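A.B. asks: Taken in order, these protein sequences are the chains called A and B.
For the first sequence, our numbering begins at 1 and goes up steadily by one.
For the second sequence, our numbering begins at 1 and goes up steadily by one.
Be careful, since some hints might not be right.
[Claimed, not checked] Pairwise CB distance ranges (calculated):
{"#": "1", "chain 1": "A", "residue 1": "T2", "chain 2": "B", "residue 2": "A46", "range": "21 to 27 Å"}
{"#": "2", "chain 1": "A", "residue 1": "A206", "chain 2": "B", "residue 2": "P8", "range": "40 to 46 Å"}
{"#": "3", "chain 1": "A", "residue 1": "A171", "chain 2": "B", "residue 2": "A233", "range": "15 to 21 Å"}
{"#": "4", "chain 1": "A", "residue 1": "A46", "chain 2": "B", "residue 2": "G137", "range": "14 to 20 Å"}
[Unchecked claim] Which stretches of chain A does chain B cover? Using the computed rule of at least three CB atoms under 8 Å from a CB of chain B, they are:
{"#": "5", "segment": "18 to 26"}
{"#": "6", "segment": "177 to 186"}
[Said to hold, decoys possible] Residues of chain A clear of chain B, computed beta-carbon distances all greater than 10 Å:
{"#": "7", "residue": "F8"}
{"#": "8", "residue": "D44"}
{"#": "9", "residue": "A134"}
{"#": "10", "residue": "T157"}
These are calculated hints, taken from the structure and not from any lab test.
Treat the numbers as computed from the prediction; the structure is a model and nothing was measured.
No residue lacks a Cβ here, since even glycine has one placed at the ideal position from N, Cα and C.
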Amino acid sequence: MTLELQAFLLVWGTLVGLDLVSVPQMMIARPIVAGSVAGAILGDLATGLQLGVLFELFQYDVMPMGAVRYPEYGPATVAAVSTAHAAAGTLGLGLGALVGLVTGMLGGMSMSVVRRATARAVQAVAGRLEAGDAHLLVRLHVTAIARDALRAAAVTTAGLGLAQVVRVYFAGTLPLRGVTLLGVAAVAAAIAAATAGTLRVVGRGANLGWFVAGIAGGTVLAWLR
Amino acid sequence: MTSAPRPPLGRSLLRLFTVQGSWNYERLQGIGVGVAEEPLLRDLQAAGNGAAYRAAVARGAHFFNAHPYLCGLAVGAAARAEHEGATPNQVERLRSALCGPLGSLGDRLVWAGWLPVTSGLALIGVALGLGMGAILGFLVVYNVGHVALRWWALRAGWAHGVRVAAWSGPAMALVVGAALPLSTGYLAAGFTGWARGLLFGAAAAGCALLWWGRGRLTGLRYGLALLAVAALAGWVWR
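This is chain A alone, in the form it adopts within the complex (with noise of 0.2 Å):
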């Protein structure tokens, strides 16, 4: 992969990561939209897609209610694209779902930190900003926002990092047998988070009859494909 793509990656995993929580939370933080850009950028808009379907299951199992820590899985689907580009259709899967998983979790951990670092540049100015002076809150809040932007680019270098890693040290050493097995368990937990996380949502009221009608629906025309 060219030094060209990892930077319009990198480009894109920053953005990906700044829409999330800060700027404008539009939803390119989506796996399924940061998946198929990323694709895209690769030239590769099935392996992109396939991953974006993956990693928005798991994300069926994060609802950012309130202050709550979760993994952040607009980069790390990014990651996860790179990682499976070099190995076609199915065999992706599993080291792309590895790079990705353990990407998400470094980028919830990096939200704890930028967000405690706001808070200690909050303090240093506590006394001004209840003086009213606007000129310093906006700057505190622009100044966050690059912050958050940093924190996003670090996280995608550290995802395309780990991806160039596992495709070049892990990607051809594993059995076939292997790299199915992989496949297999991070479809089985993306369709495992994203039904208790929706079954925790709908909860055991009369939303679960439409639940089960979509899934009887779904698997009908499944079927019918």
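Dock chain B against chain A, hints included.
C.D. replies: Relative to the frame of chain A, chain B by itself:
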């Protein structure tokens, strides 16, 4: 009472798109809400009431937490209250009172409603072969609702009044329910024989583990554990 016939709602709305940029564990969204509210307070300063303007800006940046798309409602309502001469205590109480409802309303309406509905439709679209069209459709449809909600919230806050939709629960359950088997079929297309059987077994076991172990076990942890087991099994079973 100070009248504000043409409030700069557009500028405030643009700033609201960045409302979570300075999210932190001290004031949560407070700084971002203060930044978004500040344009609506400027005519206090223009009217020669610099002290009221500075006090209102400071209050605007205090602790606040709600759904980011609905923060505009609090921004508009608090700015309006400042213009109408509400006491600092009343403004603080208004902000506190809005935190919980706007948080839970937005979480149900957007995070547990509009977003899974539209992304579920995108998953169905990809599984049915629509490719990039499904992704673009998701971005456009989702963001039409997203921007409309932000704009409505800000205007409603300025004008007072809230109404809630109750469609999101059943629609989300139906669409995500349909997306699950279709996505499974799409992702499992490359697996055959024993791999498919193993996949469904591991998915069912994982679902049960995640359901009963919620709070301790997450999808990410289950995924990493399963991948580790699979990698080990792959090395042993050559």
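A.B. asks: Establish whether the coverage given for the segment 177 to 186 of chain A by chain B is satisfied; the threshold is a Cβ-Cβ distance below 8 Å, and no fewer than three residues must meet it.
C.D. replies: holds (count 10)
A.B. asks: Would you check whether the claim that F8(A) is not at the interface survives, using Cβ distances to chain B and the 10 Å cut-off?
C.D. replies: 17 Å, holds
A.B. asks: Checking C-beta pairs, does the segment 18 to 26 of chain A have three or more residues closer than 8 Å to chain B?
C.D. replies: Coverage by chain B holds for the segment 18 to 26 of chain A (6 residues, Cβ < 8 Å).
A.B. asks: Taking the beta carbons of A206(A) and P8(B), is their distance inside 40 to 46 Å?
C.D. replies: 44 Å, holds
A.B. asks: Just double-check D44(A) for me: nearest Cβ-Cβ distance to chain B has to come out over 10 Å.
C.D. replies: 13 Å, holds
A.B. asks: Falls inside 21 to 27 Å, the C-beta gap from T2(A) to A46(B)?
C.D. replies: Hint violated: Cβ distance 55 Å, outside 21 to 27 Å.
A.B. asks: Going by Cβ atoms, does T157(A) stay more than 10 Å from chain B at every point?
C.D. replies: Nearest chain B Cβ is 20 Å from T157(A), so the label holds.
A.B. asks: That 14 to 20 Å hint for A46(A) and G137(B) (C-beta), does it hold up?
C.D. replies: 18 Å, holds
A.B. asks: For A134(A), is the shortest beta carbon distance to chain B beyond 10 Å?
C.D. replies: 5 Å, violated
A.B. asks: The hint says 15 to 21 Å between A171(A) and A233(B); measuring C-beta to C-beta, is that right?
C.D. replies: 18 Å, holds
Going down the numbered hints, you'll see the structure goes against 1, 9, while the others check out.
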